[in-house]
Structure formats: C-alpha cells, structure tokens
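Asker: Quick note, the sequences are listed as chains A, B, C, D, E, F, G and H, same order.
Take the first sequence: its letter number 238 is residue 244 in this note's numbering, and every next letter is one higher.
Take the second sequence: its letter number 146 is residue 152 in this note's numbering, and every next letter is one higher.
Take the third sequence: its letter number 69 is residue 75 in this note's numbering, and every next letter is one higher.
Take the fourth sequence: its letter number 239 is residue 245 in this note's numbering, and every next letter is one higher.
Take the fifth sequence: its letter number 186 is residue 192 in this note's numbering, and every next letter is one higher.
Take the sixth sequence: its letter number 66 is residue 72 in this note's numbering, and every next letter is one higher.
Take the seventh sequence: its letter number 140 is residue 146 in this note's numbering, and every next letter is one higher.
Take the eighth sequence: its letter number 29 is residue 35 in this note's numbering, and every next letter is one higher.
Hints are computed from structural coordinates only; laboratory data are not their basis.
All of these numbers come straight from a predicted model, not from anything done at the bench.
Just so it is clear, CB atoms sit at the ideal spot from N, CA and C, and this is done for glycine as well.
Honestly, I wouldn't trust all of these hints.
Said to hold, decoys possible - Some, not all, of what chain G presents toward chain B, calculated at C-beta under 10 angstroms:
1. ALA59
2. GLY60
3. ILE98
4. SER99
5. PRO115
6. SER132
7. ASP133
8. VAL207
9. TYR209
10. ALA212
Claimed, not checked - Across the chosen pairs, the derived CB separations fall in these ranges:
11. D:ALA72 <-> C:GLU78: 54 to 62 angstroms
12. E:LYS71 <-> H:ALA167: 56 to 64 angstroms
13. C:GLU78 <-> E:HIS154: 24 to 32 angstroms
14. D:ALA68 <-> B:LEU118: 31 to 39 angstroms
15. B:ALA59 <-> G:GLU117: 54 to 62 angstroms
16. E:GLU89 <-> H:ARG95: 26 to 34 angstroms
17. G:GLY96 <-> B:ALA75: 40 to 48 angstroms
As the list claims (entries may be wrong) - Below, in silico cross-link-like pairs of lysine-lysine (DSBU-like), each with a Cα-Cα straight-line distance of 35 angstroms or less:
18. A:LYS79 <-> A:LYS63
19. F:LYS61 <-> D:LYS150
20. C:LYS150 <-> A:LYS63
21. D:LYS71 <-> F:LYS61
Number of protein chains: 8
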Amino acid sequence: MRAASIRELLTAFREGRLTLEEAEGALGGSFDFADLDYGREARQGFPEAIYAAGKTKEETCAILKALVARSEKSILATRVSAETAAFIRGEISEAVYDSRARLLYVERPGELDEEHTVLILTAGTSDIPVAEEARQTARLCGCKVVTHYDCGVAGIHRLFAHLEDIRRASVILVCAGMEGALMSVVGGLAEAPVIGVPTSVGYGVAAGGETALRAMLASCAAGGAVVNIDKGFGAGMLAAKFVRQLRRGGMQR
Amino acid sequence: MRAASIRELLTAFREGRLTLEEAEGALGGSFDFADLDYGREARQGFPEAIYAAGKTKEETCAILKALVARSEKSILATRVSAETAAFIRGEISEAVYDSRARLLYVERPGELDEEHTVLILTAGTSDIPVAEEARQTARLCGCKVVTHYDCGVAGIHRLFAHLEDIRRASVILVCAGMEGALMSVVGGLAEAPVIGVPTSVGYGVAAGGETALRAMLASCAAGGAVVNIDKGFGAGMLAAKFVRQLRRGGMQR
Amino acid sequence: MRAASIRELLTAFREGRLTLEEAEGALGGSFDFADLDYGREARQGFPEAIYAAGKTKEETCAILKALVARSEKSILATRVSAETAAFIRGEISEAVYDSRARLLYVERPGELDEEHTVLILTAGTSDIPVAEEARQTARLCGCKVVTHYDCGVAGIHRLFAHLEDIRRASVILVCAGMEGALMSVVGGLAEAPVIGVPTSVGYGVAAGGETALRAMLASCAAGGAVVNIDKGFGAGMLAAKFVRQLRRGGMQR
Amino acid sequence: MRAASIRELLTAFREGRLTLEEAEGALGGSFDFADLDYGREARQGFPEAIYAAGKTKEETCAILKALVARSEKSILATRVSAETAAFIRGEISEAVYDSRARLLYVERPGELDEEHTVLILTAGTSDIPVAEEARQTARLCGCKVVTHYDCGVAGIHRLFAHLEDIRRASVILVCAGMEGALMSVVGGLAEAPVIGVPTSVGYGVAAGGETALRAMLASCAAGGAVVNIDKGFGAGMLAAKFVRQLRRGGMQR
Amino acid sequence: MRAASIRELLTAFREGRLTLEEAEGALGGSFDFADLDYGREARQGFPEAIYAAGKTKEETCAILKALVARSEKSILATRVSAETAAFIRGEISEAVYDSRARLLYVERPGELDEEHTVLILTAGTSDIPVAEEARQTARLCGCKVVTHYDCGVAGIHRLFAHLEDIRRASVILVCAGMEGALMSVVGGLAEAPVIGVPTSVGYGVAAGGETALRAMLASCAAGGAVVNIDKGFGAGMLAAKFVRQLRRGGMQR
Amino acid sequence: MRAASIRELLTAFREGRLTLEEAEGALGGSFDFADLDYGREARQGFPEAIYAAGKTKEETCAILKALVARSEKSILATRVSAETAAFIRGEISEAVYDSRARLLYVERPGELDEEHTVLILTAGTSDIPVAEEARQTARLCGCKVVTHYDCGVAGIHRLFAHLEDIRRASVILVCAGMEGALMSVVGGLAEAPVIGVPTSVGYGVAAGGETALRAMLASCAAGGAVVNIDKGFGAGMLAAKFVRQLRRGGMQR
Amino acid sequence: MRAASIRELLTAFREGRLTLEEAEGALGGSFDFADLDYGREARQGFPEAIYAAGKTKEETCAILKALVARSEKSILATRVSAETAAFIRGEISEAVYDSRARLLYVERPGELDEEHTVLILTAGTSDIPVAEEARQTARLCGCKVVTHYDCGVAGIHRLFAHLEDIRRASVILVCAGMEGALMSVVGGLAEAPVIGVPTSVGYGVAAGGETALRAMLASCAAGGAVVNIDKGFGAGMLAAKFVRQLRRGGMQR
Amino acid sequence: MRAASIRELLTAFREGRLTLEEAEGALGGSFDFADLDYGREARQGFPEAIYAAGKTKEETCAILKALVARSEKSILATRVSAETAAFIRGEISEAVYDSRARLLYVERPGELDEEHTVLILTAGTSDIPVAEEARQTARLCGCKVVTHYDCGVAGIHRLFAHLEDIRRASVILVCAGMEGALMSVVGGLAEAPVIGVPTSVGYGVAAGGETALRAMLASCAAGGAVVNIDKGFGAGMLAAKFVRQLRRGGMQR
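With these hints in hand, go ahead and build the complete structure from the sequences.
Answerer: Written out as structure tokens, the structure reads:
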C-alpha cells in the first residue's frame, strides 16, 4: 500500500478495489509518501545514510545489513568508530571504512557527473577529516570533487594558487576552524555559491567550532551559507543536491 | 587603469605603453581585479549593493548617486530607514523605496530567468519583512520568485497546500523566527537545496533569532544551510548565485 | 513523633500526653508533614524515587534496602550505572535493571489505569533511552503508555501514521534532540497537553540538548511546556500527575 | 472545499461531483484538516488568538474584524499596545482592553467549568501582568481561575496561607522572575501538575527571565514543566487544555 | 628581613644597621608586609592553604613539608586527589585525608570558639562534599560548625525542622546545586548573614552549577551573597573571617 | 488570628477558645509567622523596603503611605525614577529623594552603631551611584559608613592611601565594574569580610557587569563573596546584618 | 609630601625633617608614587584622558577645566556626546570636538615622531569612528598615523593595494566588525605587531562585536593581540606605548 | 618559478623567456609571494612552527624532519604530548622536549638580542606551563627573557618586589587564570606595552580561562592587549615581533 500514489489510491477506490473506509484510513491515517520515496530512490542514486553515533555496533550493523539487502543504492554510515567499523567489516565483506572521515560505506555502481565540480577547501590540515566526510558523501552521490587542503588565510598565497579552480567550481565548500576567515576571502573571490563548514579545530575562544560558525555567518561576503559544526556529511549532501539541480536543469521533473 | 585585464596590462607593457615600473606597480601594488569585475557586471546583471546601516542619509545618497552615474546595473541599498529613503528620493527621482523590506533601489532593465524558481516560505506574518528583502534582492538579480507566507508548522496543512511548489522550486528559502521548525519540515520534503533564514521574531528564549538560527543549523534534515539572522539580502543573493549557475550550466564560462 | 498528624499532636496535647512546651516545640520546630506524606503514600501508588548519580553503589543500595523494608510501594532509582546495578542486584534479588533507561526498580503490585493513555513519541532512535526512562516511570505510577519511536519531522509521513494515537492520548510526551522540531508539529496537531523532553542527542550547535530545549520553549504552538534536558523521569512523573488528576476528576479529594 | 472531511471528499469523488484531478489535487495539494477544525470550534469554546506584536494596528484590527464576522467564539489578541487597543476599540465597539495583561478581547458567551480550578500564583507584584495574561486566557477558555499574588519564598508564610488552594487546584501556574524559587517550593507541596511561567522581572543576573527559566527547569521537584519567559498566554492555554481533558475524562471523544 | 615591620626597618636605618640603599631597596623593592603577616599568624590561627589542583603530587608534598617545618599553624591542601593524598601520607605521617571533601591537612592545636556557630545546610546529599570542604575549613580556623544536610525545598518540612538552628547561627552557608532555591528560603527565614555556595550537582540546564549560582545571586531575599561554584573552602574562610570579627568585636585591634 | 504566636494558639486551644478543627486548620493552613515578624520590627530598626521598578508611581506611593501610617521604622524605596520621586514628594512631605542612588526614603529616628564601620570602596566615579545605594541602605539600618571612591587598581597608590581604613573596617564593600579587579586586591589586604558589588559600568566585553561579577567570583583571594550586579541595596543590607551580629555578639538573643 | 621619592623620604627622615611616625605613616599609609607620576608627565607627552561615559556634562567639564589649569599636556575626553561637547566648548574655548570619534580634546604643543608609523586599517566604512578614536589618540601622543579605510577581505584587492604601507608600519591596528577576518589576513602579511580592534558593526550573530572579538583572538595568525570591542582609545594608547619604546630604544631610561 | 619577484617575471616576459600566456597565468593564477617568504627566512631567524594538536605522531615527525632538512632555522612544535615527543626524539636526535611547556624543538644557532627584555609574569604556579611556552618561543626568536612567577594580586607585595624589572622591560607578558586581575595592576604600573595571556586555570566561573580573558579585555588600564586563552606561543611571538621592531628601529628595512 505504501508504494501507491494518491492517484493510484483514488483509482483503486473508484474501481472498488478499496472500500470507503480503506481509502479514508490510508489517506487520513498515514499520508502515504511512498511514491515520492520510491521515485527518489530510482532517480537520484543518493546513498542511504545512517547516523551511527549513539548506536551500538550491533544496531548499526543490523540496519546496514537490512539496507544492503533491500536497496541497490550505495549505503553510508557517518561517525563510525574504528571498533564499530571492524565489527561491521567482519559481518559485511563489501563494507569499506575511511578512518579519517569516520565513514563506513558499501558502494554500488552509479552515474558520475563529470561536468560539474564540487570544490572543497580547508584552512589547515586539522580540518581534513571533516573535508573528507564531505568529499566521500558528495562522491557517493555521483559528484566530481576537487580538493585543496591547507590553504588558510595566514599565508594567503596558498589560496591564490587555486584561483582557477575557485572560478571553475559549481559549488564550493570551505572547511575551517579557529576563526574561519577563509570563508570570507573565498566568498569575495568566487562566483559559485560558497558553503561554510565550521570545524571544531582550535582551543580557548575557538570554543569547539562556535567561533568559526559565528564568524562564517557574520561574514560580510554576500551569497554564502553555513552548516552545523563538523557537519561534513550535510555539506556534501547540499553540494550534491545543488549539482543534481544542475544536471536536471533546476527542475525536479 | 583599474578596468584593464591582466592580459591587456601585459600587452601594454610589451608594446611599451607601460614602463617596467608602471607595470610592476600596477601588478604588485593593486592586484587589479577590474577585468573580472568588469566582466561580471556585463554578464551577471547583479545589482550593486550598499549596506546603509551606520551611514548618514547624506553618505548613502552620495554613494548611490555615484553608482547611478557610472553603472548601468540596478542599485540596491539595504536597511534604509524611512527618513533616509525620503531624503534620497528627493535627490534621485527614479529611486524606489520598499518600506516593509527597508530596501531602496534604482531598477535598470535586465534579463529575467523564467525557467528556474526561487521559492520563499515564511512561518508567520512577522517574518515577511525579511522574506521581502530576499525576494526583492533575488528579483533584482533576474530571478523568478514565488512566495508563500504564513505557513508555519503549528498548522501544518498550510504548508502541505504548497507541496507542488516545493517540488518545482530550484532553490527554497525558509524564513522563520521563534524555533524555526519550518526549515526541518521543508528540508524533509524538498529535493532542492533549502536555505534557512532565521528571523528575530519572538520573545524570551527566541533571543532575537538565536534559537531559530541554532535550531535550523542543528536540523536533522540533511542538505540545508543557514544564513545570518534577518539576512534576507544574503539569502536572496545566494539564491541568485544558485540560479545563475543553473543558467550557465554550473560553469563560469 | 515525625509520623504523627497535627490532629494527633493536638489531641495528645489536650489529653496531657504533651506539655505546652513539647507541643510548641514540635509545631514550631519541625512543622510535621508526616500525616500528609502518609496519606499520599496510601492513596497514590507513586513509586519512591532515588537519584543515583553522585552516590556510590553502596549508598544507593543501602537507601534502596531501607525503602524496600519500610514501604509497600514500588521503588525506582534513576541514572544507575551498569556497575551499580550489578552490585545492587547481588544484594536485592527482586531488583530489575533497565539498561537502556538506566533505571533500577523494585516493582510492587499496583492499580493500572486502563482508561487514559500517555503517548510518548521520539524524533529518532537515539532519543529512545530518555523516552524509556519516561515510559517506565509513568508505568510504575500506574499509567498505560503507548510509544512511537523514530517519527521525526525529516520524514513527516512517519508522524502522520500515528495521528489517531495523537488524538486519543490524554497527555503526550515528545522526546527529541538536535532542533526538537517534532514538538512544534505535534503541538499543532494534538488537543491534549504536550510536554517536550529535549534530549542531548546531536553535536555542534545541538549543544548537549540546549538547542532542542530552547526551540521547544520558543515553539509557536500554544499549550505546550518543557522539562529539563534528558529528564525522562520528570516527564513521566508529570504525565502520571496529569493522569492521576483525570482519575480523580481533577480534585485531590 | 476546505470544510469538507476526507470522507465527504471521497464520497463526492465516488459520486462524480469531483473529478479524479480535483480529488487528487485536494488531497495531495492541501491536506484538508477543516473537518477537524470545524469540530474543534463547535466543541471547545477556545478563543481564536492573534499575536499582535509585529503587526500594525490596522493589520491587527482587520484580522480581528474578520474573525468577529465569521466566528461565534471569543477572540483574543495578545501583546497589544495601548495605542493599538485604542484604535481597535474605535472600530470594534465590543472589544475590551486589559491594559495590565496587554490583552484585547471580544468575549462571547460560553460554558464555564465550575468543577475544576486553575490556581495562579505569583512571587511578587511585578509578575502580575504575566499572571493576568494567563488568567484571562484560561478564563476565556471557560476555566474557573483562582489567583494569589505576591507570595514569594522570601516570606514563605505568605505561601503557606494558601496551602488549601494548592491542594484543591486541578493545575497550578507559578509566575516568578528573578530566581523563580517559588516553583520549587510549590512543586514540593502540590499534587497537581505545576507549570512554571518565568517572568522577565529583575535585573543583573536575572537576565530578562533567563535565570528564572533555567532555575525552574533545573528544579529538583519532579512533575513540573515550564513555558517560555513571560508566556502567560501559553500557560493559560495549557491549563485550559488540561481542564478540557478533565471535563472530557481524558479522551478526545 | 621579611619579618621586620616598617617601624623596625626605619629604626634599623636610623641606627645605621641599614644603609640608605638597603632601606630604599627593602621599601621600594619589596614593600614589606611581614609585620602584618607575622601578627596575623600569631593571632588568628588560620591555617596555611595550598590549592593542589594543577600541581604534581611531588610539588604539593614539597610545599606541605616546607610549611610543616616553618609554621606552627595547621596546614590545609584543597582539591587533593586520592593518589596525591596517598603519596603525601607516605611522606608526612601526621597528614590526614578527608576523601569526601578532598582535603588533606596537618592539624595543630588551636583555640576553638565555642560561642558562635557556623551553620552549614545542604539541599541534597550530593552537595555534601562541598559542604564538608567548608566545614573542615571553618573548623580548622577554630569555628564551631553545625551541619544539616539534605533539607532542600522540595520537601520543605525538612528545612523547618532546623528553624531553631537557623535562628541561633552567627552565619549560615547554604550549599545547593540544580536551581539552588534553598538559599532563597533560608534568606527569608534567617537574621544572620547567608552565604550561598552553588554546587555543580545536576544535569542539563543545571550547567555545572551555573544555574544555582545565578539563581542565588538573583534571589529576591536581601542580605545574602554568593561564592564561586563548589568553593566550599572560600565559604568556610569567609565564615571564619566573620566569626573572627565577632570574637574581636568587629575591629582588627 | 495571624498575629497570635503558636504558644497563644495552643493556649487558646487548651482553654477551649479554639476547637480541635480550628487549631488544626490554623496550624496546618497558615503557619503563622506574625509573632516573629513583630519581634523583628521592634528589635532591629531595619527599614521597610520597596522595590519600585515595575510599579507605577501611584502604586509605589500608596504602599509608602500605608507603611508610613502603620510603622515607626524608616522606609526605603529603591530604583525610584525622578518622576516617581517628584510625585511621591508631593504626597508625602517627609520623603527624601537621593537622585544619584535613586533611593527615596522616610527616615525615622534610630540607634546608630558607632563602634563598627562599613567601608565602601569604588574603582571609579561611575560606580558611585551603586555605592551610594549601599551607603544609604546601611546608614538607614543604623551603621556607620566610611567611603573612598575612585581608587581602582589602574593607579594602585590611590588604594594604598586607605590601608588604615581597610584594616579598621568591620566589613568592606567593593563596588567595581569593567573587570572588577579591585576586589581581588582588597581581598588580599583586608582581614574583614569583603563583599563584591559588580556594577554595570563599562562597554563591550564588560557586558553590563557580567565580567566584573564573574571575575569577582573567580577571584583567587579567599574569604570574599559577591552580590548581584548593581545590587547596592542588597550589599548594604548584608553589611548591616553583619554589623547587627557584631552588636549582638553573634547570637540572635 | 606626595611628590617625594622613597629616597628623599628616607633622607628627610635621617636628617630629622620627618619623625619616625611621619615616615612610618607615609610609607605604610600611602605608598607614594607621585615621583613616578611627575616624571611620567614631563617625559612622555601623553595626554591626560577622561572617560566621559556615565558622567554628566557638568562633571566632565569641571574635570577638564581642572586639568587644563594644572597641566601642560594635551587633554583628551572619550565617548563624549554632542550635547556634552557643545556645553564644554561654551566653557573651554580651545576645546575641539571630533564628532565621528566622539572625542573632545585640548591640544598642546608636543613632539611628533616622524620616524615610525602607526598604520590603521578598517574593513568597512562603518568601522571608521572607532578607527578615528584610535588615530586621534595616537596622534595626540605624538605618533605619525597612516590610515586606509574600507579594505575588507570581501574584495581582497583593496587590501593588497596597501601592501607597501603594511610592510613599512611600526605597528598596525586593524578595526573590523562582523567576522573580523581582516585581522587574520593582515596578520599573515605583516611583520609588525598587529593589534585587532573589534567593532560593534553588524547584526544578528555579529552580536555587538563579540564575534569579531572572538574571531580575532582565535585567529591562526601568530603574533597578534586584541583589545576590547570599540576600544579605539586603548588601541591608540598601546600603539603609542610601542612607538615610545621605539623612540627610547626599548628601555625606560 | 615561485621564487621570482614580480619584477623578474616582468623582465622575463619582456625578454621573451615567458610567453604572454605564461606571464598571465603566473600573475593571475598564483600571486607569487615567494620572494617575500624567502627574504623573511634569511632575515628574521624566527623559528618555523608546527601546531601538533590534531596530528598523529608520525605526521608531526615527518613534517619536522622535512623542516630540519631544508631549513637552517630553529624549529618549534607546540602542544606536543609526551608520547609524541618520545617518538620524535627516537627519530630526530637533536630534538629537545620541554614537558612543562609541551614544546618540542630543534635549536639552531642564532643571534641573541641582549639589549631588550621580555618580562613574563604569572599570577600563580599553575600558570607556569603557559608562561614557559611563551618564554621558550621568545627565546628561540632571539629574545632575552626575564620571568617572575607566582606574584598574583592576592598578596600584592609579591608583585611590588619586581617593580624595577617592570620598569625596565621592553614588553611585558602577564599570564593569569581565574579573574586575571594581575594584568590590571601591571597595566597601571608599567610604561611598556602589556600583553595579557589568560590561562585556563581555575574552576566554576573561571570557565576554562573565559573569565580571565574577558576581565583582561575589560581592564580599565589603557595600553594593553590580550591573546587567546593558554596561547603562550602567540604571546611569545608577539613579544618577539615587538623586540624585532626595536632592533630594527621600527622599520622593516
């Protein structure tokens, strides 16, 4: 029942395959969005995602197995500890663990978009794990990703070496901790949308990424937006959503 | 000199129109980005923008006049008080003042993109001024904008009335104060990128938009990002940047 | 002396069993509430509760043993570590440990109210431990509890599947971390009082439940209230207080 | 169309009064909750409410007029300034303004529940405006309200004078600013649910009600919950929701 | 030299025992307060105190040994870990460790003031370690201390049982975490000065003692003051300073 | 009934003037503290105090008049605006207004303690209004007060000029805004208890007195305590409580 | 007496011009620093400064007049309102008011250091008032100041136009609000010490300069330091202190 | 290519060694700052620095080895754990580990400036690790450093013992936790620039250094500035920058 569209449901009702009560119950009781969900899976190739923090290794493994069994898409678990990853890889042989990004994934063949580029920059080397979480997420969504790490504004020539890539990118992710100033500078140079990913790198007033977050939001460069601290996964998904719009020409259908 | 491209500068140098010292000075002293700027102006149709807060009415007016004189683009001043607007309209007859959005602009003919849609939603009626700042900004950048105001989650059927527009939009801006929950719900329904615009609507723990901001950032819906509180202008610019990429097919050239 | 009611004390005084000084001292010095307490115990069937955090396993055990010996009611200890639970279960054979809710309890027979329902919802699976603390507390207070876990607003159809239970509930507890938007949506759908239980689920701006807390408080849905972060026990008690009023018809006697 | 139930809509569709497209559109596009809303209005007698802050006096007046015309219920506007109230009372003769509570209302005859009592306590006299907002809201919802103002814990005998009312109440609202300790004491004395309403009374660390809010939430007394700072309206609604459950016996139907 | 009073120094200078340069150096270079210090030591019997947090066990031990050797007073080290205490007790046989208060001390005979009483109250059992740090500090300063633990306002009769001691006390310390309401109630009952000692007991909004601290400061009861979170030592010292004033009749000499 | 002591009540009961029910009700229902209050008034000479903030000038005046009529004590209203003061002085001829301290008072003859001294220091001239509120409060409570204003640590010789008074004081109040460092230095020099009164003087990170408050609380000088920001009245009361204990020899009776 | 050095005081004592008591009193009671102060005035040419915020116009004027009468130095009052300035200029004819910097000063001839340069940069035009407060302060201290305003990182070529001045400066002040990223970039380019002056420019998360402050402190560029928000005066003084060291060769004498 | 100056590049272009495209690419693409960097290394003798936090021991070691191989300067790694230090010292024999300062360095011969003094003060002994990080950094930059530890304001005579060094210093670093008052006092005594280094020493409201930071920034003493919490390295670098300017006479060349 969950896979039927409203139209199919109404048709079934008119044709007598559903009683008034059944139709009323389905529409009033569960608001079936399954058609949408089904269509999304077939069309998008976006991976299923599991947030592993706060789950036991057994729970995460069980959910992964179920997804592997019922879906043809890639599957992605974020914030996976090394111990959980080892456990799951003992159970699911095709699972791959990226320890820097703390991602565990089962990759399935999908379409790669070669036309558009997601550019990921980091201010320092300590921001790389977050950047890698974004990169892997975007890659598993079928995006081409270019990365330049360690080009913070304290040595601004490191950034200018990548001006050409900044100009060519379809969307840019800037991963930076401490004071996050890289986003302001990139925001002034780029024509593409720039998404800030504050990281929890730094100490004292860096405050676990809070200062980078607020600085990126307060940035005087127009046309940027920001995700939660250390949320590489979310930034990768947003970049992929944007690239999907580019592939579609901006319309869902 | 500022309008010359690096290439033109180098050519002028080789042809002897610039001495070594002049070329060195221009390149080493000012890092001329005018070529880029010039190209941007011709191609983009993005308006020039002035942040009027903290400027006197005379200062804002003088800058506007200068821009009107030297540019063919639309010109936009944000956070303009009624008093400043009255003063400027006495000086610049073609200036238009949108009192709800606190925007003052001089509109010049430009290309309108009819293919892609920027959808702007608000949770309540008090969020409308911020939404209007975003709408006018995107419109002056050549975007087609659709708005649905007052569809907060406390009466969630108001939102579902707009599901079709949510699906069709190229990018969605969600303006909400208080707890900003509308972004979470829209983020779960939309395939397009969703940009949260927290507003300073509410009292007590709403804390001038801080709670909406943090709630939007913490939202469990993947693929969204957030701008500063009440930053309708920035959200409108980001939406326009997205749409420009769609028009270009995602590449600068 | 502490168990005597004011009436008994006054009677003892009139009958000469207490001198004026003794009666004055007892009334002026200790304000005996024991009559009230005694009556409450007999009538309510609410469990005795111990907050185990910050107590050693020996201390918690000793208090539990004393309560088991002198009371016919169920006894409940919250925030009990696995180690403390193991120790106590070695000493008190009828003690049961719920490791997810971190509750340890000795259950005594009591009346179950079958007429009214406490509905507990969670946004995600990580909120379940807090929800279970609420559920067990309400259950040990004699309430019938219905739970639906993992129905957050990112996939809002999951919530609509439970509309009927939302309508039938006497009181609703919404357990959610991150941005806590589930409370706003449920608050708009339900006629029963809705109590928000923010959880410490999430990272970055989720800030250990602080954002969920503030978002729930700022929620535009009228007729809701909120408890401390992760305070499943308190929410369960409040729900049981509501249901007790319903059983009594809203009056204490 | 908006007033039709899902059942009516389905019937109309089967009987040919709606085409497939029309039915699909209505169900998919607007998720009609009007049946529910209609029933609620007839049954509850709850007033319609308008949040006047951030609206002009003309806007607030227009909405009020529309509601007066189409509804038989009482109508309530919160956070109404004296200037707006004067304007509206010039337009709507039956409108009444309560300047302490900043409420403006048009009262219609309704049922008063004489059996259950909402008790409202304040710590000081400065908390009275918030308490009055709660009292009027609950009263317009058909509740019997008892108030005791200025019984803060600094002179705790003032509170004990009202022990009997504390015991008899169906639900208790405690309005307090500064450190909000009254809630903790009442929470230990009452069997009824206790709802804290922190007020913005105080200076320095009182921080506009933030300290009272956090203290009430951290209160060691189990079985209480808290609303936003100064949210008398919300507390009154919650109390009325609970009393409605008592009248109904805890079930919606 | 450091023990000489200014008068002695001047005399020595006049008598030629100090050169001009020596006198200038002593006065200009070190501002000798030793007279004051010397007098204080003889008269007060206040213990020397060491803050052990952030020192290695070897460092703490070495400082203790030096003080034991050169002073006749009691010596007190605060925030001493069990490991450090064990190490020191192996080196200094007369050292005593109070593990609950995390105090290690070498007690020397001193005068006990029997006339005045320091009363220490706690809201719960978890506040006892902080209260014990205060009690031991005041005791080692020669104060008579009375304690009543676990008399928080959630069961206010527990507090009223101690009204007589509240009236008799010379100064009262109230140790409480969570919302710290005990201070407000005691402040309304007592004539003696009341010092609040917020503790880090609680979770969620209790925020490591921050809410208790702010609530105590915002308390509407006049005539109270507050020390840092968990600062039992400081509160004990302040109480002892006040009792010393009482013994002296309020004047230093 | 409210003025009767427990003893009188018990006597009335034994003599048959009260029935068992009446006695029970009085004791259980109202907890009569009037005897205590009456004794306090006669003995202490502390002024009655009114917090005028948030009251209209008519309300404040009415309360003052009632107190003037029924009490022989001085009466004190804090945070009185110039406008309210003018109004009240038109009604109550003996009322005096101290505009710097924003205090309005009716002074009645009382005993002045000449033996003990309250010393009030300020860091700068902007802290004087708060210091004056403290001074007047202590003075009206019968204390001798000495003040030294503008002796902040930036020019530390200004403080050392008052060392003698620091040594002689029975209790010291330190009023300081910005970073409040004066308290730390005085705390190291004084033997008397030192009470910090943070003021809202300063800008930027001074944060309305929050930084001074926290710095005073974190001060490494033992034996100090702190009141709310700008709470001169509370500090004056606390000082007076200290001095009263000194006069009594530390015991209530 | 206050002008005598310790040496002079000791000499006077030995020569019998001071008694033992007088010498003791002077040394113990007032710690005479006047010699130092006197020397400083003669040598430095630094202006006397008055913080006018929180003083009445009459008070500020009286202090200014006294300083004008007794000192040959320039005199400087900060945070002077237009109204106060007008009043003072009516009284002191040589007073000059800089309305942008809100400074009022009486300038006296002094030495100008032409060798060293204080460079002041601002990110935007709204930061200019703070920058001007710094510039005037440094100028009145005898420094040569170079300014470049409106060279924020959103258009980074504006900054690079001033690379030569950045290299030549003795010390650099960077005034910026919003996210303050300019300091990070300048810190990476300059060899001179860089002092950040966060300004209260911006809205929402800019939080009155708090975000710029924290971002500047968290900046990854080593060798910078930060002053309070909007503290142009303090930054100007620090720059002048450093230039004075340069003039002296780094030693006081 | 990266080492060529703009002049060289232009010359190469004119002489035909670079094509137009090559010159354009180099200038537009990479903004060559290598000349500057090269010059800086030769001239300054400042050590290379590595921030080891968040890097594995292998990564830190590899970077160190590379720097040792290619540079003649001293090399410095901050925030190095004991474990990492042991690993690196096994690989690089000339590496020295300072466990208190958590610094690991390879020292190369350099010029020591004997003329100017960096004075480092700490309030307590717990602040010493941060002070040592600053001392070693400044020392490796060729500065002469004088230190006085444990001279906090609670015993202010300890500070006055060092007045002469305070007067002689070229620049002063004040390391203090808790309330950081030492900076205010030193700021009032010193003529040299004073840099505050807040440390994370303390508990409760000390808040990990936040209170010391804010107190230092709010300090009323003009002419000071502050670095991030615990940032001894940054303070040492800033001091060295100051001293370098003194050596150069304030000009870069």
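Asker: For a quick check of understanding: which of the numbered hints are violated here, in increasing order?
Answerer: The structure breaks hints 1, 2, 3, 4, 5, 12, 15; every other hint is satisfied.
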